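J.: Below are the chains, spelled out letter by letter.
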Amino acid sequence: MTRRQLWRRMTAHLDLPLLLGIGLLMLTSLLVLYSADNAGWGQPLKQMLNIAVALTCMWLIANLPLHYLMRTAVPVYLLGMILLIGVALFGEISHGARRWLNLGIVTIQPSELMKIGVPLMMAWYFEKHEATLTLKNYFIAALLLLMPVALIARQPDLGTALLISASGFYVLFLAGLSWRVMGGLFVAALASAPVLWSMLHDYQRHRILMLFDPSQDALGKGYHTIQATIAVGSGGILGKGYLNGTQTHLDFLPERTTDFIFAVYSEEFGLLGNLILLGMYLLVIGRGFVITANASTYFTRLMAGSITLTFATYAFVNMGMVSGILPVVGVPLPLVSYGGTSMLTLLLGFGMLMSIETHKQLVKT
Amino acid sequence: MAKYVEIKNHQREIFYFRLRLVISIGFVLLLLTILLTRFIYLQVARYDYYQTLSDGNRISVVPIVPNRGLILDRNGVVLAHNYSGYTLEINPRKTTDMEATISELSTLVEITPRDRRRFKKLLAERRNSETLMIRNRLSDEEVARFAAQQYRFHSVEIKARLFRDYPLGEKTAHLIGYIGRINQTDVDQLEENDLAANYRGSDYIGKTGLEQSYENELHGTTGVEQVEVDSAGRAVRMLSRKPPVSGNTLVLSIDAKLQEIAFKSFGNYRGALVAIDPNNGEVLAFVSKPGYDPSLFIDGIDTQSWDELNNSPDHPLNNRALRGQYPPGSTIKPFMALAGLFYGTRSPSHTISDPGYFMLPGSSHQYRDWKKDGHGSVDIFKSIVVSCDTYYYGLATELGIDNIFSFLSRFGFGKKTGLDLEGETSGLLPSQEWKMKRHKDKWYAGDTVSVGIGQGYNLVTPLQLAYATATLANDGVGYKPHLIREVRSSRSNENRLIEAKPAFDIKLDPAHLDLVKRAMAAVTQPGGTAAQASAGAPYHIAGKTGTAQVIAIKQGEKYDASKIDERHQDHAWFIAFAPAEQPRIALVVLAENGGHGSSTAAPIARKVLDYYLLGKVPTPLPDIVESEDAQHD
Numbered sequence: 001m002t003r004r005q006l007w008r009r010m011t012a013h014l015d016l017p018l019l020l021g022i023g024l025l026m027l028t029s030l031l032v033l034y035s036a037d038n039a040g041w042g043q044p045l046k047q048m049l050n051i052a053v054a055l056t057c058m059w060l061i062a063n064l065p066l067h068y069l070m071r072t073a074v075p076v077y078l079l080g081m082i083l084l085i086g087v088a089l090f091g092e093i094s095h096g097a098r099r100w101l102n103l104g105i106v107t108i109q110p111s112e113l114m115k116i117g118v119p120l121m122m123a124w125y126f127e128k129h130e131a132t133l134t135l136k137n138y139f140i141a142a143l144l145l146l147m148p149v150a151l152i153a154r155q156p157d158l159g160t161a162l163l164i165s166a167s168g169f170y171v172l173f174l175a176g177l178s179w180r181v182m183g184g185l186f187v188a189a190l191a192s193a194p195v196l197w198s199m200l201h202d203y204q205r206h207r208i209l210m211l212f213d214p215s216q217d218a219l220g221k222g223y224h225t226i227q228a229t230i231a232v233g234s235g236g237i238l239g240k241g242y243l244n245g246t247q248t249h250l251d252f253l254p255e256r257t258t259d260f261i262f263a264v265y266s267e268e269f270g271l272l273g274n275l276i277l278l279g280m281y282l283l284v285i286g287r288g289f290v291i292t293a294n295a296s297t298y299f300t301r302l303m304a305g306s307i308t309l310t311f312a313t314y315a316f317v318n319m320g321m322v323s324g325i326l327p328v329v330g331v332p333l334p335l336v337s338y339g340g341t342s343m344l345t346l347l348l349g350f351g352m353l354m355s356i357e358t359h360k361q362l363v364k365t
Numbered sequence: 001m002a003k004y005v006e007i008k009n010h011q012r013e014i015f016y017f018r019l020r021l022v023i024s025i026g027f028v029l030l031l032l033t034i035l036l037t038r039f040i041y042l043q044v045a046r047y048d049y050y051q052t053l054s055d056g057n058r059i060s061v062v063p064i065v066p067n068r069g070l071i072l073d074r075n076g077v078v079l080a081h082n083y084s085g086y087t088l089e090i091n092p093r094k095t096t097d098m099e100a101t102i103s104e105l106s107t108l109v110e111i112t113p114r115d116r117r118r119f120k121k122l123l124a125e126r127r128n129s130e131t132l133m134i135r136n137r138l139s140d141e142e143v144a145r146f147a148a149q150q151y152r153f154h155s156v157e158i159k160a161r162l163f164r165d166y167p168l169g170e171k172t173a174h175l176i177g178y179i180g181r182i183n184q185t186d187v188d189q190l191e192e193n194d195l196a197a198n199y200r201g202s203d204y205i206g207k208t209g210l211e212q213s214y215e216n217e218l219h220g221t222t223g224v225e226q227v228e229v230d231s232a233g234r235a236v237r238m239l240s241r242k243p244p245v246s247g248n249t250l251v252l253s254i255d256a257k258l259q260e261i262a263f264k265s266f267g268n269y270r271g272a273l274v275a276i277d278p279n280n281g282e283v284l285a286f287v288s289k290p291g292y293d294p295s296l297f298i299d300g301i302d303t304q305s306w307d308e309l310n311n312s313p314d315h316p317l318n319n320r321a322l323r324g325q326y327p328p329g330s331t332i333k334p335f336m337a338l339a340g341l342f343y344g345t346r347s348p349s350h351t352i353s354d355p356g357y358f359m360l361p362g363s364s365h366q367y368r369d370w371k372k373d374g375h376g377s378v379d380i381f382k383s384i385v386v387s388c389d390t391y392y393y394g395l396a397t398e399l400g401i402d403n404i405f406s407f408l409s410r411f412g413f414g415k416k417t418g419l420d421l422e423g424e425t426s427g428l429l430p431s432q433e434w435k436m437k438r439h440k441d442k443w444y445a446g447d448t449v450s451v452g453i454g455q456g457y458n459l460v461t462p463l464q465l466a467y468a469t470a471t472l473a474n475d476g477v478g479y480k481p482h483l484i485r486e487v488r489s490s491r492s493n494e495n496r497l498i499e500a501k502p503a504f505d506i507k508l509d510p511a512h513l514d515l516v517k518r519a520m521a522a523v524t525q526p527g528g529t530a531a532q533a534s535a536g537a538p539y540h541i542a543g544k545t546g547t548a549q550v551i552a553i554k555q556g557e558k559y560d561a562s563k564i565d566e567r568h569q570d571h572a573w574f575i576a577f578a579p580a581e582q583p584r585i586a587l588v589v590l591a592e593n594g595g596h597g598s599s600t601a602a603p604i605a606r607k608v609l610d611y612y613l614l615g616k617v618p619t620p621l622p623d624i625v626e627s628e629d630a631q632h633d
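Residue numbers (my numbering), protein chains in the order written: chain A, 1 to 365; chain B, 1 to 633.
Think of the hints as simulated: they come from the structure by calculation, not from any bench. If you're wondering where the values come from, they're calculated on a predicted model, not measured in any experiment. Please note that the accuracy of each hint is not assured.
[What the hints assert, rightly or not] Covered, in the sense of this in silico footprint (three residues per stretch, anywhere, with C-beta under 8 Å from a C-beta of chain B), are these stretches of chain A:
#1 42 to 50
#2 173 to 182
#3 320 to 334
Glycine included, C-beta positions come from ideal geometry on N, C-alpha and C.
With the rest of the complex left out, here is chain B (with noise of 0.2 Å):
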């Protein structure tokens, strides 16, 4: 019987296999019955559409590029635009004699020396048929000048295209960076991604600044025309179009005339200043000086011109904002007092007296504080107002490097803060596992002291600095900084916000931060080292100053400015928030080889600060008389 049902079974298996293997050849049937109805379509009902395609004309599809995206300010002065202009082009298939045709060019349009140096490099680096420009941007009367002659030119034409325009400058060189023509490398790099596609047609691309970090933002969609070409290639019929899709406006949180005021405030001086807002992490100026002309770029820069740049002792094209690395100097001092009070190294009550010297104990070495006699009795409150080395020379060694770097790094001081821009550097903030790696030896406790003052290994970009600033004037709750405010989408009125959030929050003791802000405070007042900067500001600023050394000075000897060439003089440093009580505003500033921070940063500071506080634009400042206390840091 139990054999008898099992047979059963299987025999009822195999025929419900057998019918779907049975549904199974209806579907491919069913398949194949698709694709031949498919070709019958397309062979002969349709055959005299594609035969005619096919035969004789053909389709040609060609990209329609879109316009790129704007930059604006937060209040939205534009910082990059296209505007449309005339270029003279020459095609090289065409033209046997290329010098004979450009200066029989030149008796009829200007041709500048710049202008055959950038053609010729454009005819070593073209990639395919495209005519070459040699001249961009001419007038309504060269252009009726050369129409008037061009049955001289056969292969010279004039064009209409569309052309990047940054109205700052080089005041916004360093941030809004500046697109270029697409090379091999970006083109192996859009294949890479998939985008290829998207950039049939386009000759530009971002390369440096928010130009490169938001490409994808303002590049577009590139729109496309399907148009029926006869035998010469000459277009007969629009088959059809999709038209383009701009690329989206990008809203920056850069305050223009901010930026510009920054920039100007700078004066001679090389350097960087970083602004933020502490409440979003909002960056409102960002200023890397000496800037740079980004136009020169677009075309492709010719040689002499980029040697001039790159040559340059004052290397404008350096980024010192996102990528200059300085020791802190001073400004790293609120940060060891925190530090110092989190770990209760150090009671707002205790105080040492300063002989204008340290010695680590059983040792003979003198580690110098700036005043030579010292500043007598210190507490914490007084040793951020005066900068006095000896308390942290103290104070770090008591630390110990372990604690330093743990409670500095929650800063963000050795870690890139994520800007939106690429290229930034982490700086630097020292270990025992990173002296270690980097140098195959062991931490001394010399090492501490000299970090203590931001002498030490430490180096720090200005972003980084005015990332900790506004940590710090923010009671310790970090923003992620960034550049962009908002997106606006050129499709529809969709607009994305970058919202701010907290980065994270470094719980510190509110009576803490209370002490060493007042401190700050206290600086810009009378007694403190950034006093006379700060006389008669209608708001309290917060600040310290710094001084960072670029030589060393030898054991005994003095550092004396004026034996010193001028690139060797110490970079000088400000930061500060503002109003103290309230602050809106926090700010970096950095003068290379500006000696010290209390006479050349904090009064570019102080400008920056009045306009965003008060909207004034500023006046020379007057003659700052420099006292024994205002003179070092």
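One chain only, chain A, in its complex shape (with noise of 0.2 Å):
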């Protein structure tokens, strides 16, 4: 075999168009930790290490066989279960949530597999039962995608479980959930919000107030808010510039290399270079539309549909909490924000993307 031979065959289940995107995204990512880090080398350094990591298991995904992918659905929604179990069982509390499970030598957030773990099940169960579909295979799939939530929902972590039902909602929504079931489930809400809300306490309507009104909650949160508000406004048409942002370097925005990285970036590039950021993001979005609408089986297409969508529904929420239009929910900026866990449920979408794209020949012969 000829090394050109290998190279091709390397890269033969790799989508170029997504990974353009993706790679942009990440150097974008890099550039802003370097700034965001205050000029430093150890953000920068570090996440180089988790996009090699998340790189790699994508790669592997996109070699992945359909029938392989889809074979994998209930072990992972099973273990994902199981290990939200073991959280709601024996999970230690942090910060006044019991989020992690401590495995002795690693401590792991089931909630994270369950963003892949939940559309992949609904997926696969709507695949199985694709030619007599009813009523009723809409309600257990449903019922697949609560069942998760509630378990994260009481840990509590109100914004992964809304983020995962934004997931599974897609799911049901493009394996053809009737409009008028859509518009009950909408009433059915609404008409039962004032109900479940005087069955809550005191302080859990106090915190849901706070999440929608951050002025509420000014030293903690809100003081977030305030400060990436000011950030961005100030950033201007053009930027302040790079590593001139001055909400940054004064250290007056918190938690600016994770979840409100998107302030430093507003900042220093100012409203040009968010459009920037959001012609990336577009590009990454429209490849997966496209890859979606030629998926050839019914469980590609739903679950191609649902990975699309969830990464622009986190990629609207962190920019939406970020300019204070939305409430503080812990949603780092997809592919740029600093972290590992993230970065590789992200790709081992992307992988399945790419994995669905370049193995429907093979399906439709």
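Mind assembling these two chains? They're in different frames, but the hints should get you there.
T.: So, in structure tokens, the structure goes:
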């Protein structure tokens, strides 16, 4: 085998347009981290390691034929459920929530696994019952979604629970849940809200109110929002210039390498930079939709659509939170925020997209 | 044909899926538009505003510490409150020669060695750039004197602060507890519970007692001011203000006057007193003596005062009512009698002949009665009235440890009562299983014998015994004891009443209860062990005296109080409820090294009962003439 053949074989299952979008966002990540770390190499270097690990995993998944991918759905989902129940029973409490499971060697956060596990399981379920879909199937699929969401919500990790609900809802939506049922559910949710509200404790109500009005919590999370909004707004059209963000470098911005990294970017690169960033996201999302449209089976269509929409949602929620139009929930800016776990989860999803795109010819025959 | 339909369906399906996909794309574009609009609003339309905030002037978020909630007794008497006062504070970062500054200050205002020691400790523990207190509670005159000379001290300033004060001081120290400066452990704890934001700017947190267990109610919600500051950090303009919300007021079930009388009635004795309303579990008095001055702890206790308290042989820091564990002695007998009746081991008419000692079958070891020659013919009624040991040696042996354990645990022995204070100990109700686990040894018949008179392995806290007495007084229906009656919200006029809920009903035979309660009432009548202390009371007291041995007495030796060091003398117990017919109060008195329950503990109880039931403030009771019957338990 020549070197060229080997190279071709290695890259056969990579999708170039998608890889280009991802790569641009990762480069942006390293660039902004260098600035957010006050021109230090510590965080960018560690992030490079995160990227390398995640890219390798993505490559492995991309090479996995689709029927293998489908076969992982049930085990991954079950493992996730067991771990979530384990967290509920023996989880470690940190910052008032029970999210982590200490397995002796490593501490893991099973809700992260479920970000992939839930849509995977639901797509698998719909594929199994493709020929005879009735309302009952949608109901069962919704149950598959609600069980892990309920466990995560009571940790309590309302942010993650809502995001997983969204990715599950996308599967239901793409699987053709009738408009009438969706409308009914929406009305039912609105109607039951006051009842649920009256069942909550005072402190729980307070927390929810705080989520929607950060000025209520100006000493805690609200402080983040206030400072982040100033950073974004003072960036102006062209930005203050790379490494010149005053909010960033005078330590006014909290969590500036993780959840609030967008404030750093936006302060230094301004509206123009934001447009470029949105363009990069649009490239990835657009390619995701093309892959979804071309996908050959029911399972892959649902999975690809859900992954793409979820990615778009994460990006929207993070930027919305930093610019002060959404409540502060702990969502990183996808592919840009510092962090190994979210990088890995995202690239596993992209690995699946690539596998869906590059294996479809084999299935079609 | 069939194939045609299938293909058609497939195509339709793809069509519908693509339709949904188009809707999804529209959705994503909508989200992007929302973001873009927001960016344009912030970065173009409002650019000048944010530019100004970010440039030159900056926003500073200043926390406003809420006033801590008050603690009141059931009648509104203040037990903990805040007052404002002036303090003299030094900024260590601006000070070059600390010693010189302090000695120069001492020419203007008095600075005691205690102030210096406390300052040194604060200096060592300081967390950030705060100013540190050298003197508190400055008088107006001192403030004026310093103000005139302030130009000499650029690093010293006068600040108005709120102080916590406990008007009853040592008398409620173990109950109310105290607040203290927030230390690293508290910070970790607050972060763990996601409360750190609400404590921005707070210096104090509840450390013990009710101040600790109701910290969440008392602290209040921190307010916040957003101010624009210039480059020197001076506030230029207020942008917004959210006022703080004061902490809630706690209304206790404690009667402050009763508490005070109870504390004083101990005289020089150390000990504990717990009084409970048996009808609802409200704790009326909760005394641990000696107390200590809680104000010593608020701004960090200096080493010398700490050593004095901590090394005192009187252990004033030990909350005896909550944490002290003592053998119950003869106060266990009414409960043992109920157990005997419950299991049918004894009938009301059954009598024994007491020779003054008890021997297990096949053993020559003599378990002695406190009365050398015995009490003669004794039935269950008399066994309580004269506190006959021999009767209970036999009863316990016949009941067996398993029955004793199961019956007494229903009265809450060996378990925490769940009072709303932290650090309660659970006492010890021994069982076969416990002994195997703890001592790796099996249970012997002899172990049971001493358990029968409350002198074996069993240990109780005064609180536990008070709870059991209240449960007995209320005919076996126990209410979980609690100290808080009401939480008054500072925000609205919404008050949360703490309602009494029966913890459980032991379901005792009314005839058995009646017999034991009558016997306890006879204890305070002529011929009973507590007759002297109860003489002349216009109401009936049901009670039981008790003595807890501190050191073991060898076989054949006699206990002689005069030969024994004071701290090795027996502890005196008295449990009581009154009026015997319709109990309104149940209480326990423990006088450490007080000798006999009848002579030291019962008179304390009498003063407390007289005040509670008659409103009588005590004058010294007549001297007690000690008869032989009254002398031991």
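J.: Compare the structure with each hint and give your call.
T.: Against the structure, the hints come out as follows:
1. 42 to 50: Per the Cβ count (0), the hint is violated.
2. 173 to 182: As far as the segment 173 to 182 of chain A goes, the hint holds, because 3 residues have Cβ atoms under 8 Å from chain B.
3. 320 to 334: Since three or more residues must qualify, the claim that chain B covers the segment 320 to 334 of chain A holds, with 4 doing so at under 8 Å.
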